[in-house]
Amino acid sequence: REDKVFFEDSVKAHCSDGELIVESQTNYYYPLQSGIYNTFEFHCFNNKIAINDVEHINARVSCSNKIQLKLYESSTVLPKCDGFTNYAIGFNNDDVGEVIKAGICYDLDALSLKFAMYVASSKNVLISKTNHNSGVLPVSLDFDLKTNDLTNYFDLIKKNSLDSALANQFQVDNLIQDKSLSIELEHLDTFNTIWWRQLREDNWRYFLEA
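In our numbering, the protein residues as written are 137 to 346.
Simulated from the structure, these hints should not be mistaken for laboratory data. Idealized CB from N, CA, C, for every residue including glycine. Warning: the hint list may mix true and false statements.
Once the Cα atoms are required to be at most 27 Å apart in a straight line, the calculated DSS-like pairs of lysine-lysine come out as [to be verified]:
(1) Lys237 with Lys148
(2) Lys237 with Lys250
(3) Lys148 with Lys315
The following label-pair restraints were derived from C-beta to C-beta distances [as the list claims (entries may be wrong)]:
(4) Glu191 with Leu244: 46 to 52 Å
(5) Cys199 with Tyr166: 20 to 26 Å
(6) Lys216 with Tyr165: 58 to 64 Å
(7) Lys148 with Ser170: 15 to 21 Å
(8) Asp314 with Ala246: 22 to 28 Å
With the sequences and hints as input, model every part of the structure.
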């Protein structure tokens, strides 16, 4: 029913491409309390709203304007990533399931990105059905090992990491060269790597037989 919730209704809300923002209030003397959830359920009875069996006088539910992708350790190992740390970028929704955008193989000892796996599509191709990549990428989200961001724990490679002597031959840049995709995946510093400048400047085809 649009715009109307009736007595004794139970409402379960979720956002298919992001997270729920829930603001609730137990009485008029307290401000709205805000929280972020994957899914959220509340019940209506006797002109009251029950959240986790606690009566509320007010509840606002909305979808986040931005998809909240998180970094998790993967409970499965990427091909050729044995002995290194496997990560997955995505989120989980109780109704939709795991939505995985990328898998990362990372050498934490050397603080070095080994490789990344992700699904990309041409902007000129019309996709009629969204693919959540969960069955395409060989990684999974380990919800007990949410990392949030590696930059919280490690000094990752930054754009200014190289000194002037090395900067003549090498360059720090994101492994994902599609700017819109790299912004979508977030965790940008995690994808940084050191390039040989000759390869970075679109001359890589000349070195295929080297």
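Report task. Provide an ascending list of the numbers of those earlier hints which the structure does not satisfy. Result -> Failing hint: just 3.
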